[in-house]
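**Q** Each chain, letter by letter, is given below.
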Amino acid sequence: MVEEEGFRRYVAHIILWIGIAIVAFPVYIAFVASTQDNALIANGQMSLLPGGHFFEVYYQTIFVGTSGSTREPVGNMMLNSLVMALLIAVGKIAISIISAYAIVYFRFPFRMPIFWIIFITLMLPVEVRIYPTYKIVADLHMLDSYAGLSLPLIASATATLLFRQFFMTVPDELLEASRIDGAGPLRFFWDTLLPLSRTNMAALFVILFILGWNQYLWPLLITTRDDMQTIQVGIRKMITTTDALTEWPIVMATAVLAMLPPVFVVVVMQKLFVRGLVETEK
Amino acid sequence: MANVTLRNVRKTYPGGFEAIKGVNVDVGDGQFCVLVGPSGCGKSTLLRMVAGLETVTGGEIDIGGRIVNQIEPADRDIAMVFQNYALYPHMSVFNNMAYGLRNRGMKEAEVKSRVDEAARVLELTSMLERKPRQLSGGQRQRVAMGRAIVRQPKVFLFDEPLSNLDAKLRIAMRVEIRKLQRRLNTTSIYVTHDQLEAMTLADVLVVMNGGQVEQVGNPLAIYEKPATTFVASFIGAPPMNLMSIRADEIKSQLGSTNAGILGIRPEDFVITDQTPAGGVTLPLTVEAIERVGAETFVYGTRAQDEQRIAANPGELPPGEVIVRIPGSEAPPIGEKIRVAATRQKLHLFSGDGRTRIEA
Amino acid sequence: MQKQAIFQSRLLPYALVAPQLAIVLIFFYWPALQAVIQSFLLQDAFGLSTTFVWFENYIELFKDVAYFEAIVRTFFFSFAIAVSSLSFALLLAVMADKPLRGSMLYRTLLIWPYAVAPPVVGVLWIFMLHPSLGVLSRYLRNMGIDWNPLLDGDQAAALIILAAAWKQISYNFLFFLAGLQAIPKSVFEAAAIDGARPMRRFWTVTFPLLSPTIFFLLVVNIVYAFFDTFGIIDTMTRGGPGTSTVTLVYKVYSDGLLGGNLGSSAAQSVILMVMVIVLTGIQFRFVERKVTY
Chain L
1 MVEEEGFRRY VAHIILWIGI AIVAFPVYIA FVASTQDNAL IANGQMSLLP GGHFFEVYYQ
61 TIFVGTSGST REPVGNMMLN SLVMALLIAV GKIAISIISA YAIVYFRFPF RMPIFWIIFI
121 TLMLPVEVRI YPTYKIVADL HMLDSYAGLS LPLIASATAT LLFRQFFMTV PDELLEASRI
181 DGAGPLRFFW DTLLPLSRTN MAALFVILFI LGWNQYLWPL LITTRDDMQT IQVGIRKMIT
241 TTDALTEWPI VMATAVLAML PPVFVVVVMQ KLFVRGLVET EK
Chain W
1 MANVTLRNVR KTYPGGFEAI KGVNVDVGDG QFCVLVGPSG CGKSTLLRMV AGLETVTGGE
61 IDIGGRIVNQ IEPADRDIAM VFQNYALYPH MSVFNNMAYG LRNRGMKEAE VKSRVDEAAR
121 VLELTSMLER KPRQLSGGQR QRVAMGRAIV RQPKVFLFDE PLSNLDAKLR IAMRVEIRKL
181 QRRLNTTSIY VTHDQLEAMT LADVLVVMNG GQVEQVGNPL AIYEKPATTF VASFIGAPPM
241 NLMSIRADEI KSQLGSTNAG ILGIRPEDFV ITDQTPAGGV TLPLTVEAIE RVGAETFVYG
301 TRAQDEQRIA ANPGELPPGE VIVRIPGSEA PPIGEKIRVA ATRQKLHLFS GDGRTRIEA
Chain A
1 MQKQAIFQSR LLPYALVAPQ LAIVLIFFYW PALQAVIQSF LLQDAFGLST TFVWFENYIE
61 LFKDVAYFEA IVRTFFFSFA IAVSSLSFAL LLAVMADKPL RGSMLYRTLL IWPYAVAPPV
121 VGVLWIFMLH PSLGVLSRYL RNMGIDWNPL LDGDQAAALI ILAAAWKQIS YNFLFFLAGL
181 QAIPKSVFEA AAIDGARPMR RFWTVTFPLL SPTIFFLLVV NIVYAFFDTF GIIDTMTRGG
241 PGTSTVTLVY KVYSDGLLGG NLGSSAAQSV ILMVMVIVLT GIQFRFVERK VTY
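Protein chains in written order, with this note's numbering: chain L, 1 to 282; chain W, 1 to 359; chain A, 1 to 293.
Everything labelled a hint here was simulated from the structure, so no lab data went into it.
Fair warning: this is a prediction, and the values are worked out from it, not measured in the lab.
Misleading hints may appear alongside valid ones.
Unchecked claim - DSS-like, lysine-lysine: derived pairs with alpha carbons at most 27 angstroms apart:
| # | chain 1 | residue 1 | chain 2 | residue 2 |
| --- | --- | --- | --- | --- |
| 1 | W | K179 | W | K168 |
| 2 | W | K154 | W | K112 |
| 3 | A | K185 | L | K271 |
| 4 | W | K112 | W | K179 |
| 5 | A | K3 | W | K131 |
| 6 | A | K98 | W | K21 |
| 7 | L | K271 | A | K63 |
| 8 | A | K98 | A | K185 |
| 9 | L | K271 | W | K131 |
| 10 | L | K135 | L | K237 |
Stated by the list, open to error - To give an idea of the interface, some chain L residues facing chain W are shown, with a C-beta separation under 8 angstroms as derived from the structure:
| # | residue |
| --- | --- |
| 11 | L174 |
| 12 | E176 |
| 13 | A177 |
| 14 | I180 |
| 15 | D181 |
| 16 | A183 |
| 17 | T192 |
| 18 | P195 |
Claimed, not checked - Label-pair restraints from in silico Cβ distances:
| # | chain 1 | residue 1 | chain 2 | residue 2 | range |
| --- | --- | --- | --- | --- | --- |
| 19 | L | T199 | W | G105 | 30 to 38 angstroms |
| 20 | A | S186 | L | T240 | 56 to 64 angstroms |
| 21 | W | K168 | A | Q181 | 13 to 21 angstroms |
| 22 | W | E129 | A | V36 | 54 to 62 angstroms |
| 23 | A | Y29 | L | I18 | 47 to 55 angstroms |
| 24 | W | G105 | L | G75 | 47 to 55 angstroms |
| 25 | A | A18 | W | T55 | 39 to 47 angstroms |
| 26 | A | F202 | L | I18 | 25 to 33 angstroms |
Glycine included, each C-beta is placed from N, C-alpha and C at the ideal position.
Can you build the whole structure from these sequences, using the hints too?
**A** This is how it looks when you write it as structure tokens:
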């Protein structure tokens, strides 16, 4: 790297801090709003410093909910979101790793057609087939259920491709050594391949958890009962069309709560997150 | 304890490529057999067929009196050391060695005593709890060996086990493998492309080329009487000098009229003006000198150039001759010298290089 | 594509692929097929009878000015979001790639918005720029701008683009930084010795070497703008005012759910599918090129 003199370095620091400010400002405002009185906000008199209503607002948000629009405790919404995100992440990893294992480590009739059937799903997000999917989930009586929330979002090839790619890099000799050591296919999978895939699984889990937590359109369609709402859907329903009735501190507290888990995951598991993001996009 | 017999073993891949074209080898009980040859000659494929990692498409493989063609690798009572060691990266050294024993349902006490014993022999006792990535190359290699010996199999199979080590360590491990094998007295088959490794390790040396066995035998016997020009140029470094007998200078000296190939090892030449009786003398121009201390290699070209000779590995450019002389005294570059070899040191081959002609 | 070392088993591989295959067939292929079939059908107003109408739904769509506008709008949004977010992210990445103290901290502080969900992004920005109570709207009004995105379509569009671009900064930043770090540092040193000043180094060395990353991100950002902006739009403007922020995905949603016009919605889905396949195709072509590079 070419060392630069002081002046240019200062400019770089300044630009980065401006970037950070731009990135952080909306969230700061949300936090500030979540600690203030609604009447003040509605008048357009909101202060840019945190107010004194922190505990009161967050208590109401988590355990009671808005008094007007949804009336559903956000704590419950978060639980729904958590269950959905976990089901999507774990489910996708589980079905993907075993199908990738079959495709890489076995030769069987229709292997390539099956691979292509799975592979093609990579191209089409749920948004483009939303109503027919809705109808099937409805026909299967899975509306307002965790299965209905998660199963259609598990149907995608990214994780399968990722594991396939990883398995291809595992040296053949490990399988051969296992065979000589008397391990069959299931034992090799469990004793060797699964432990070796740990980092990949963790990285994938981080990404899938975030994507699952942040799902919006699909839960919006298939949840009709308030107690099955996810937090992303709930926050939208809190904003009423007649502005006067929107309880902004609670909306903003919900926004903060909705951001907390995924942002926490990104910051704490940054290495896995970066790895997962880069690898799933390859 | 077992002998391994390969009877007309063949391997043809689905695409029609014939990797092994009918190999017959008999490795006696407790013998150390080395398969040597250039890359692509089929030696690794053959070893993997013995292991059961490749299917056999023709012939029979017999381990200890049992035809194993259809038997799973785990049930052949063999153990294998891989080129890249194939250690389980997530398991400790202990577990790497114990894995195969546990899979066979061995009692934990017995597993422990076997692993501890192997670790003691291989000086790995202090490293049993480490993971493979915390070990040096040589230590990993020893773990791979340990994984093989704890099994107490009938046959050890080695697939170029030393090729990932640096030169010094390779020599040390070579000696250790040989000592270990002598002590355990287990039948072993060892694949390498390094002729020095092959010479020093083998009881039985099998030289392979193009999916076929070129020659089988005691290493020194092969060195002294190579059966083909391929073996002649592959075994021994620097390689044997091969010359066409069509060259008039040689033909007249040998008194031979047959077309053929003459081979002389670099160390069998002497720089002299005299022609030994029945021997051969060559006029050379010195092109280059390599001094390595105890000996010196003189690279010379012959006055008369001629066609190439059928030989692959270590092949010399046409007309170039290597002479190996003791000490560091050497003629200056550009000087014209004469080198001679006696009758006993000459190797004669048919024109296609496939047959040795005994004079 | 396949290993040399494999296991032999007749039934096990089928058992292993079965769960994924079942889910993919039920929740992916079946609905996609339904969408295609439905796009050829017309339902009467009461949903009592359906008739097969060939391409009528498609023809209707292309005759529909609103649909044409939605296409143009979607592409406009996509490019506006991609270009603004990419250029800002590139600036930050180039700065963060310098050997600065605290560069890991900068990275952490810049990547977390990736984790913020689109509807939350929408809520954050509408709150800041809300016509009556937004903290930033005050300043805009003080500057003499008649700011009301809930009534002015262009302002609404600007708001959507701003919010969507904001969310995408962190993603782009991360990939740019990875791309920059993959360039061997000796190349910069060679350019410096060859007499290139910093700005010139950027345009003649960094930028060309980064072009595969830029192209990749461009495609990803466009796909993002197609689909993930739904949550932002739905919480901020719900397509309004009028139809000034209705994108293709939003139209599929609103025509199908709110309008109940399933045939047309299905036809829109199919068109969207084709668009995504084309985009993905472009991306794969690019990946191939990267491999042969």
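**Q** It remains to establish, for every hint, whether it holds in the given structure.
**A** So, going through the hints one by one against the coordinates:
1. Restraint check for K179 of chain W and K168 of chain W: satisfied, since their Cα atoms lie roughly 17 angstroms apart, inside the 27 angstroms limit.
2. Between K154 of chain W and K112 of chain W the alpha-carbon distance is near 21 angstroms, which keeps this suggested pair within the 27 angstroms criterion.
3. Distance restraint check for K185 of chain A and K271 of chain L: the Cα-Cα separation of roughly 22 angstroms lies within the 27 angstroms cut-off, and the hinted pair is therefore satisfied.
4. Of the pairs offered as hints, the one joining K112 of chain W and K179 of chain W holds, with about 24 angstroms between alpha carbons and a cut-off of 27 angstroms not exceeded.
5. Simply put, K3 of chain A and K131 of chain W have alpha-carbon atoms about 26 angstroms apart, close enough for the 27 angstroms limit, and the pair holds.
6. Between K98 of chain A and K21 of chain W the CA atoms are separated by roughly 61 angstroms; this puts the pair beyond 27 angstroms, and the hint is violated.
7. A C-alpha spacing of about 50 angstroms is found between K271 of chain L and K63 of chain A, which places the hinted pair above 27 angstroms, so the restraint is violated.
8. Straight-line distance between C-alpha atoms of K98 of chain A and K185 of chain A comes to about 11 angstroms, which keeps the hinted pair within the 27 angstroms bound.
9. Note on K271 of chain L and K131 of chain W: the hinted pairing holds, with a Cα-Cα distance of about 22 angstroms set against a maximum of 27 angstroms.
10. For the given pair, K135 of chain L sits about 23 angstroms from K237 of chain L by alpha-carbon distance, which is consistent with the 27 angstroms threshold.
11. With 8 angstroms as the threshold, the beta carbon of L174 of chain L comes within range of chain W, its nearest partner Cβ sitting at about 5 angstroms, so the hint holds.
12. At its closest, the beta carbon of E176 of chain L sits 5 angstroms from a beta carbon of chain W; the interface hint therefore holds under the 8 angstroms criterion.
13. At about 4 angstroms, the closest approach between the beta carbon of A177 of chain L and any beta carbon in chain W falls short of 8 angstroms, and the interface hint on this residue holds.
14. For I180 of chain L, the suggested interface contact is upheld, since its CB lies about 5 angstroms from the closest CB of chain W, less than 8 angstroms.
15. The restraint placing D181 of chain L at the interface with chain W holds, with a minimum CB-CB distance near 3 angstroms, inside the 8 angstroms limit.
16. This hint holds: A183 of chain L has a C-beta 6 angstroms from the nearest C-beta of chain W, less than the 8 angstroms allowed.
17. For the restraint placing T192 of chain L at the interface with chain W, the shortest Cβ-Cβ distance is roughly 6 angstroms, inside the 8 angstroms limit, so the hint holds.
18. For P195 of chain L, the interface hint holds, the least distance from its beta-carbon to any beta-carbon of chain W being 4 angstroms, beneath 8 angstroms.
19. The supplied range of 30 to 38 angstroms is met by T199 of chain L and G105 of chain W, whose beta-carbon atoms lie about 32 angstroms from each other.
20. Checked against the hint of 56 to 64 angstroms, the pair S186 of chain A and T240 of chain L passes, with Cβ atoms roughly 60 angstroms apart.
21. The given range of 13 to 21 angstroms is broken by K168 of chain W and Q181 of chain A, whose C-beta atoms sit roughly 37 angstroms from each other.
22. Taking the beta carbon of each, E129 of chain W and V36 of chain A are about 60 angstroms apart, inside 54 to 62 angstroms as hinted.
23. The hint said 47 to 55 angstroms for the Cβ distance between Y29 of chain A and I18 of chain L, and at roughly 48 angstroms that hint holds.
24. The supplied range of 47 to 55 angstroms is met by G105 of chain W and G75 of chain L, whose beta-carbon atoms lie about 51 angstroms from each other.
25. A hinted range of 39 to 47 angstroms is violated for the C-beta pair A18 of chain A and T55 of chain W, which are about 28 angstroms apart.
26. Roughly 19 angstroms separates the CB atoms of F202 of chain A and I18 of chain L, a value that falls outside the hinted 25 to 33 angstroms.
Checked against the numbered hints above, the structure violates hints 6, 7, 21, 25 and 26; every other hint is satisfied.
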